[in-house]
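Q: Spelled out, the chains give:
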Amino acid sequence: GTAAADEATTKGNLEIKSDDGNYSASLGGRIHFDTYLFDSDLEDPISTTDFRRARITLKGNIYDWSYVLEQDFTGGDTLSGYRDVYLAHEFLNGEIRIGQFKPFRSMAEMTSSNELTMLERPFSSSTGLYDGHQFQQGIGWTGVQDCYTLGFMAFNLRDAGTPRNEGVGAAGRLAWAPVNTDDLTLHLGTSVSFENNNRNSSDLVAEADYAGRRGPSQLMALTPGNLGGDATTAALELAGSYGPVYLQAEYTVGDFEGNYYLSEEDFEDEFGAPAPFYCDPDLGCFIDNQTVRTWYIQGSWMLTGEHKAYSKKRGAFSSAKPSGDGLWGGAWELTFRYDTMENANISDLEASSVTFGLNFYANRNVRFMLNYIIGDDDFTGDGTDQLGLRAQIGW
Amino acid sequence: GTAAADEATTKGNLEIKSDDGNYSASLGGRIHFDTYLFDSDLEDPISTTDFRRARITLKGNIYDWSYVLEQDFTGGDTLSGYRDVYLAHEFLNGEIRIGQFKPFRSMAEMTSSNELTMLERPFSSSTGLYDGHQFQQGIGWTGVQDCYTLGFMAFNLRDAGTPRNEGVGAAGRLAWAPVNTDDLTLHLGTSVSFENNNRNSSDLVAEADYAGRRGPSQLMALTPGNLGGDATTAALELAGSYGPVYLQAEYTVGDFEGNYYLSEEDFEDEFGAPAPFYCDPDLGCFIDNQTVRTWYIQGSWMLTGEHKAYSKKRGAFSSAKPSGDGLWGGAWELTFRYDTMENANISDLEASSVTFGLNFYANRNVRFMLNYIIGDDDFTGDGTDQLGLRAQIGW
Amino acid sequence: GTAAADEATTKGNLEIKSDDGNYSASLGGRIHFDTYLFDSDLEDPISTTDFRRARITLKGNIYDWSYVLEQDFTGGDTLSGYRDVYLAHEFLNGEIRIGQFKPFRSMAEMTSSNELTMLERPFSSSTGLYDGHQFQQGIGWTGVQDCYTLGFMAFNLRDAGTPRNEGVGAAGRLAWAPVNTDDLTLHLGTSVSFENNNRNSSDLVAEADYAGRRGPSQLMALTPGNLGGDATTAALELAGSYGPVYLQAEYTVGDFEGNYYLSEEDFEDEFGAPAPFYCDPDLGCFIDNQTVRTWYIQGSWMLTGEHKAYSKKRGAFSSAKPSGDGLWGGAWELTFRYDTMENANISDLEASSVTFGLNFYANRNVRFMLNYIIGDDDFTGDGTDQLGLRAQIGW
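Residue numbers (the working numbering), protein chains in the order written: chain A, 1 to 395; chain B, 1 to 395; chain C, 1 to 395.
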């Protein structure tokens, strides 16, 4: 019966590969289950439990073509649940992708959600600066050459869950790892992104969720969808790991096209506090082009001595693999981040988060994460904090 | 090619296990397709066809951890479609679960939807007394010791599809099978449940769907979500099987905290008939703490002689396995249930169902079920009946 | 470890079969990713990218029973995402199906979405004449006898995503392939369909999307859901292939029960132009029974010489299998269609599409399709055109 069988394997997933390597398929998934407890201040969010991710991932290859079809059931509707959904073709030491995937920008964004150091990505990702634009539809290429990781994408300004529109964008990223040994990695990177609204586009928005997920949001900048405005960003990345220690920093500047008026009421509704500048009684508050700056530094120390590996394919760090020598047979990691975002054109429009964390890795697939996030919104004066806990399994 | 292959098997599902037993994964599913025909009375529900369940189930283990990720596409939105979604760790002859699963209460609830004797569970389950609270998010343990099956869970008052809120609850169940041989099983059980509303909680509600699914509902008790009230229940279970005969009964008392007023109009809207007690012209109808009582007895006779097996893991009965000797090569079963629920504080607030049924098991995976449900709502006087038919396959 | 293993195989999918053939299961899927660019006229649709299909398909068999559970994540909600969802039993050289599947009518409808010659099906399918009624819930049989393909279905007028209602319908189709060799196929076919609205039924509607998907729609006929009206259709099919050339035509007449009034405003809202006949100032525009006629002819020429295979199971043509000798190692196909639909009772209520296309088949699973659609709506005078592009992978 097994004479003609292809090879079936499991590491918690289902995987079958043909003997000749021409075909393969796998079904994996992930569950991230969170508990959020807020220490409220001016804002008073609801403390609760929440599935952060519950995702199935189908992958496969057919000769030199491949596919990814990923659905996250936390999306609510299945269109919002699309994650990576594309077909790809091998090309120049990399692959051309067609469909929905992440534009190549922000080292934090390139990091898999299974491999995050903290519960959430910093503001320089689609959690903040590229709010709601984590996945876009289009065509791109990504590949690795020597110690360089490159990625380019041209896209329609939508994912499967957002309105059909004629906005377009493009993003590219270059990562360089001049040193990358078993014990030591040094990473430098840069990316640029350009987005142009057009018919039926949604607003381009930068937001700071300064007290963790499901906590309060501070709007940082807004380019209306119906006025054809642009948002442009440029970023620098610096990161490295040495033995059990790891550090990562990004600095990004964004320019959000403005040149519109908001009524004083609308301004307060959107930004959470009255305009700190003169508003014309007839025309309202003038919003000029907005410069947004965000940077973070994060790091960790593997208490059990493991080393965080670097993924050349992603140009980003993965998680350390537990040696199994720590308490309860797993690995332990202390983590820290300082993250801040400001609008340089509106006085005091700035928010920041300080996060301390502890991660326990039961094995390569299962982890628990604890974060204490000290939130600070200079614009509204809110100082809500969050204690966040995650139980995670990926397979 | 197959030298390194793990073991792949199918019983209609996909399953792969690693040679060393450290890893496994499977993909199963179920389709339950129903037809409902109503004999209307005061109520006149729409007769139609309906998918009761269309579900995929991913399961796997990674060393002493395991996961379940189950999605029912009848949910409409994917958050409502979450069923069992948790990670688990072996612990004390059982497992600790973290995520979404069923609180341990009600023998009928513990029975798999693939193994039901009737089309629907009785009122003592989330079909009635725990309306909308079949799955909750939290942490718990379940295990088997000798002839005892135990389960405990502490939970947030939500599942993935209901609003984020700060309500909490806890439930525990103990089942005892002092006799459990190939031919004879005797089961006794008890469970308690406590639920406490808090910020943003939905109402705690008991309802009787006395004429089957998609038929009319009679509200039995309501503890408003925004007043921080409690609902507490205690249940007794008695069941057994001997040869082809099986009997099961549960008796549950629930206390739903009240102490609020409804206007006469609202009372009639909610309960379907005018208040049968004095309502204050200014304040309305006073709803004090409500005692709800529900009990059922159900049984079946396998006409083809098979014996219903008892699952120690669940502390509940499974289906009989068809011997293949019956008409059309399958097994045949006659079924019966009497089910009733009442509010002891509001006169005549009582509903009951008498159900007669016939099941045909084509094989272990495929069955057809026919139910005739005679519904009776004492409060409104409605006597709608339902003829329900199910075609079911599980794999 | 592999001693007891069933057979695992992949052609981009996951598949396991038991050694004795009693069990099997597979997990496949498809991604169709489209780009639409409109040359607008009176109508001005949004040019954008869109996932046309992103679908997972579970199939399996358990002895002489089988199942299909298919979910398309483009549905938005999971009920709208149901495609084939049924259990089936081998019967008379075919199978009885119970659940949701396509009523047997229209050769174009019977063609798999992975095998379409053009981006969209012609008007004689659920893309037009049976608008929104591609899948229905019920029971049916389909099978092959000699050179005949037959299918019958009795159904409730709903799929999983449409309202529960008491409407019913039935459809049947007979296809005959008197000649069917490796190089030459001749196909004749006929089908009839009857649908009867009842309590809670949605309107029965015929529409012409004459400028491709996401373009403008011209309403052709409407039988209101709440009046209990009927829609009846009868169709003739003629098709054939010879070497690299293929031709297919269908002619369908539909009768949509009317006998109702629309206000002049409602008429213009629904049909996009003022009523071209006298409307009573008090009663409005009388809509009598409506006769709808639609026909198309489509064809293709495989530039690389392959032959389109005929599927006896479907009674419809499949795609040609690329020989690998063409440019870029694939197959190339030139395509053409003329498609038209008219309401014989309302003057000038007619729309048509002329489509030219080019398909590139990279391999059996991956293709790219280009269509230029020249749309023409005689009723409104609109002449919007569409350039459509699809990247497709099925596994």
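Hints in this document: simulated from the structure, not taken from any laboratory.
Check before you lean on any hint, since a few could be wrong.
Claimed, not checked - In silico DSS-like cross-links for lysine-lysine, where the CA-CA straight-line distance does not exceed 30 Å:
| id | chain 1 | residue 1 | chain 2 | residue 2 |
| --- | --- | --- | --- | --- |
| 1 | B | 59 | C | 11 |
| 2 | A | 59 | B | 59 |
| 3 | B | 313 | B | 11 |
| 4 | B | 321 | C | 321 |
What the hints assert, rightly or not - These stretches of chain C come out as covered by chain B in the derived footprint (C-beta under 8 Å, 3 or more residues):
| id | segment |
| --- | --- |
| 5 | 92-103 |
| 6 | 215-222 |
| 7 | 235-247 |
Positions of the beta carbon are idealized from the N, C-alpha and C atoms, including for glycine.
Q: A separate judgement is required for each hint: does it hold in the structure or not?
A: For each hint, the structure was consulted:
A threshold of 30 Å between alpha carbons decides the hint, and for residue 59(B) with residue 11(C) the separation of about 23 Å falls inside it, so the pair holds. A C-alpha spacing of about 18 Å is found between residue 59(A) and residue 59(B), which places the hinted pair at or below 30 Å, so the restraint holds. Using a Cα cut-off of 30 Å, the hinted pair residue 313(B) and residue 11(B) holds, with the two alpha carbons roughly 21 Å apart. At roughly 45 Å between alpha-carbon atoms, residue 321(B) and residue 321(C) are farther apart than 30 Å, so this suggested pair is violated.
Remark: the segment 92-103 of chain C is confirmed as covered by chain B, as 3 of its residues place a Cβ nearer than 8 Å to a Cβ of that chain, reaching the required three. Using a Cβ-Cβ cut-off of 8 Å, 0 residues of the segment 215-222 of chain C lie near chain B, which falls short of the minimum of three, so the contact claim is violated. Counting residues of the segment 235-247 of chain C whose CB lies closer than 8 Å to any CB of chain B gives 0, so the stated coverage by that chain is violated, three being the minimum.
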